[in-house]
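S.K.: Each protein sequence line maps, in turn, to chains H and E. Heads up, the first sequence is in our numbering, so the first residue is 1 and it goes up one at a time. Heads up, the second sequence is in our numbering, so the first residue is 1 and it goes up one at a time.
Please keep in mind that the hints were generated in silico from the structure rather than gathered at the bench. Glycine included, every Cβ here is placed at the ideal spot set by N, Cα and C. Mixed in with the good hints, there may be bad ones.
[Said to hold, decoys possible] Straight line, CA to CA, 25 Å or less: simulated DSS-like cross-link-like pairs of lysine-lysine: (1) Lys196(E) / Lys199(H); (2) Lys64(H) / Lys139(H); (3) Lys330(E) / Lys199(H); (4) Lys139(H) / Lys35(H); (5) Lys61(H) / Lys434(E); (6) Lys199(H) / Lys13(E); (7) Lys167(H) / Lys46(E); (8) Lys177(H) / Lys138(H); (9) Lys139(H) / Lys330(E); (10) Lys188(H) / Lys177(H); (11) Lys46(E) / Lys135(E); (12) Lys196(E) / Lys72(H); (13) Lys196(E) / Lys66(H); (14) Lys135(E) / Lys138(H); (15) Lys66(H) / Lys436(E); (16) Lys61(H) / Lys436(E); (17) Lys135(E) / Lys64(H); (18) Lys330(E) / Lys167(H); (19) Lys436(E) / Lys167(H); (20) Lys330(E) / Lys434(E); (21) Lys196(E) / Lys64(H); (22) Lys436(E) / Lys8(H); (23) Lys43(E) / Lys139(H); (24) Lys138(H) / Lys436(E); (25) Lys139(H) / Lys436(E); (26) Lys61(H) / Lys72(H); (27) Lys8(H) / Lys61(H); (28) Lys278(H) / Lys330(E); (29) Lys68(H) / Lys436(E); (30) Lys138(H) / Lys330(E); (31) Lys61(H) / Lys13(E); (32) Lys196(E) / Lys27(H); (33) Lys13(E) / Lys180(H).
[To be verified] Derived CB-CB ranges, DEER-like: (34) Phe19(E) / Leu174(H): 20 to 28 Å; (35) His408(E) / Val113(H): 40 to 48 Å; (36) Ala367(E) / Asn181(H): 19 to 27 Å; (37) Arg257(E) / Leu97(H): 48 to 56 Å.
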Amino acid sequence: MSDNILLKAENLHKSYQMGTTQLHVLKGADLTVEKGEFVAIIGASGSGKSTLLHLLGALDKPDKGKIKFHGKDLPEISSGLGGHTYFIIVLCVLAFLANIFFFKISLSYALPVLIIIILATIWRDIREPRILSDFRNKKVGFVFQFYHLLDELNVLENVYLPVMTGKSILGWFLCRKQAKNRAKELLKQLGLSERATHKPYQLSGGERQRAAIGRALMNEPELLLADEPTGNLDSVTGNSILEVLENLNNQGQTIVMITHDERIAKRAGRTVTLVDGKIV
Amino acid sequence: MYKILLALRYLLKRKITYFAIIAVTLCVFIVVIVMTVMAGLAKDFKERNYRFVGDCVVGTDSLVGFAYYEDFMAILEKQDFVEAISPVIKSFALVRSKVTNQDDTVEIMGIDPARHSLVTDFSNTLSYHKKSISKAFTLAYDPNMTGCIPGEDWLSLRGYYESKAYIGRLGFSISCFPLTSRGALAQAGTDLVDTKTFYCSDNFDSGLPRVNSALFYLPFDDVQRLCGMGGPTKRISWLHIKFKPDVNLDNGCEKVRSLWGEYSREKAGESQAYLLDTVSVQSWKQFRRETIAPMEQEGTLMSIMFVFVGITTVFIILVVFYMIISHKSKDIGILKSVGASSSDIIQLFSGFAFLVGLIGSIIGLFAGWLFLMNINRIEGWLFNHYGFQLWDRSMYAIGAIPNQVEFHVFLTIAVSAIIACLIGAFIPSRQAAKRKIVDTLQVTQL
């Protein structure tokens with residue numbers, strides 16, 4: 001049974017600072033998702049559904065608790081430049097000024113060295129552990145309520161964006177044909193073949209959401225996380241999106257969807273309810 | 001790959017990007033023009049000073065001069081690194097015009113024109129004796145009269161130059177104060193001559209306004225007598241030396257310095273050896289440092305101004321990128337949600353900034369080059385139509401505004417502009433990369 005567990009969240013806590021008050025949203029939420037499951041998380045507005053989904057997809061980090069994917073912990077999300085980096089930069093600048101004024105080293109020699117040291121320090125510090133971005137790139141796919149497609153790219157480019165994101169320039173050139181073919185295939189499955197070269201703003205809401213699903217599936221993720229995927233659509237379009245998700249689940253895709261609508265939740269294989277920051 | 005793709009799309013789609021490109025273009029354009037012109041002026045000015053002096057000078061500022069120069073000249077002539085030597089006497093004199101009877105104080109320089117032309121560019125500064133330099137002080141209609149060569153500006157300021165009828169007709173009575181080797185005024189009644197009449201045989205334009213307006217070239221022997229430097233132990237002020245073309249300036253000066261050291265020790269027992277203590281060996285740059293230093297200072301001030309131009313560019317880019325990135329924060333969230341890392345986001349916007357800098361630089365360099373190629377025509381047009389002159393010719397002594405473009409200057413400016421863009425874009429892109437994904441996606445709804 002434990003071999004079949006894809007994702008396990010244990011005792012998740014998350015709070016937000018709202019002005020002077022701290023809002024404790026998740027208060028020890030536990031969730032286990034098995035491979036091939038279609039889980040709907042239902043809860044009232046403000047119950048912490050989206051927060052839970054973001055934590056499961058490593059878009060945010062919990063204040064407390066652990067998330068295990070295939071039994072392994074997700075590492076913490078880094079938070080940019082640390083205080084030590086500023087300290088090193090200040091030291092570099094002081095050393096640079098000392099060299100100029102006391103040792104009379106030429107500015108043209110000292111300045112490039114200073115720039116290189118500072119850039120190298122910053123670079124070392126801002127490099128987020130690749131493991132988290134790789135996790136978001138290859139292991140999970142997100143479908144957001146508001147689609148979140150890039151306006152500068154057409155539908156086809158939006159769909160194969162995760163492949164481009166995960167590859168170097170050389171890597172992309174080696175697999176671009178394959179990636180484009182897969183994106184076209186996905187668009188065909190989602191009924192968007194004719195819309196491949198259109199920009200997102202030229203599509204209807206349902207079409208945009210299907211394009212977003214295509215993007216989420218591009219790297220064949222083990223887990224699809226859907227945040228109110230029908231929340232911004234009319235009932236007919238929403239129904240077609242749910243059919244797409246059902247079909248994917250029937251093909252073995254693990255899906256975790258959040259919704260506030262019980263009728264939609266019933267379409268999932270399992271429904272869990274989030275009440276007062278806990279799964280009940 | 002998506003970074004290049006998106007950087008290009010942002011570049012083409014965002015109108016505000018065009019403002020950033022225009023800002024970079026204008027900064028590059030200004031810097032290119034000012035640097036090219038100012039560098040040209042400075043280079044030209046230094047070259048003119050070099051042409052006026054030669055490579056190296058041995059001598060003293062003292063009006064008494066120094067003795068035993070002939071033996072030292074003989075030593076120098078034997079050296080394989082020395083091409084030519086010219087003895088020069090420099091002093092001050094009172095000049096009285098035979099036409100107007102007006103007095104004036106001038107610097108006088110006694111030279112042998114043929115010798116001096118081998119060391120300096122003297123012959124080319126003359127108006128009439130470029131090809132007959134040995135006759136520079138000879139008046140064609142009366143070889144018995146002694147010629148003098150005043151500066152073009154000196155003649156012009158006194159209204160002689162415009163008439164063009166001064167050659168041979170303009171006489172000057174030149175008086176000096178002859179000094180003994182001890183620096184005292186020579187006693188009246190000795191055979192020292194202190195006044196002589198010279199007639200204008202030519203005029204010179206050295207390209208150095210202060211020299212042109214205050215200096216008279218006179219025959220060497222006459223000045224030596226006028227200044228009391230003749231007699232049994234002859235004296236001069238300076239020895240101007242020209243090195244062979246392949247000789248390094250500092251090495252050449254060092255060799256001369258060493259030779260002079262030995263020579264002055266040899267002459268230590270001579271009666272006028274005390275005069276040798278004031279003699280120094282200087283390169284032309286050291287000799288003319290008082291003239292060159294203000295120009296170099298001007299160059300330093302220009303560099304500081306360019307630093308401010310660079311800082312302005314950085315701030316413009318920073319503001320533009322803040323605006324662009326704040327509009328694109330959702331995109332950053334989307335990219336991160338599909339697997340882009342913080343460093344990827346910084347690379348994306350750095351690539352974008354690089355493109356802005358590159359395009360701005362190319363346009364700015366091209367516009368600058370185009371302007372420089374036509375700068376003299378534009379200035380001429382402005383002068384003809386509005387009487388406006390960009391550069392004061394009397395101050396810089398230039399015929400045309402220098403517009404010689406140099407590849408390394410262009411390259412430095414382009415690279416600096418791109419670096420300025422990268423620095424300007426780095427802070428907002430780093431802050432964008434630092435933001436939480438959920439915040440950038442604006443999905444903080446619970």
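S.K.: Can you list which hints this structure breaks, lowest number first?
M.R.: 1, 7, 11, 12, 13, 14, 17, 21, 23, 28, 31, 32, 34, 35, 36 and 37
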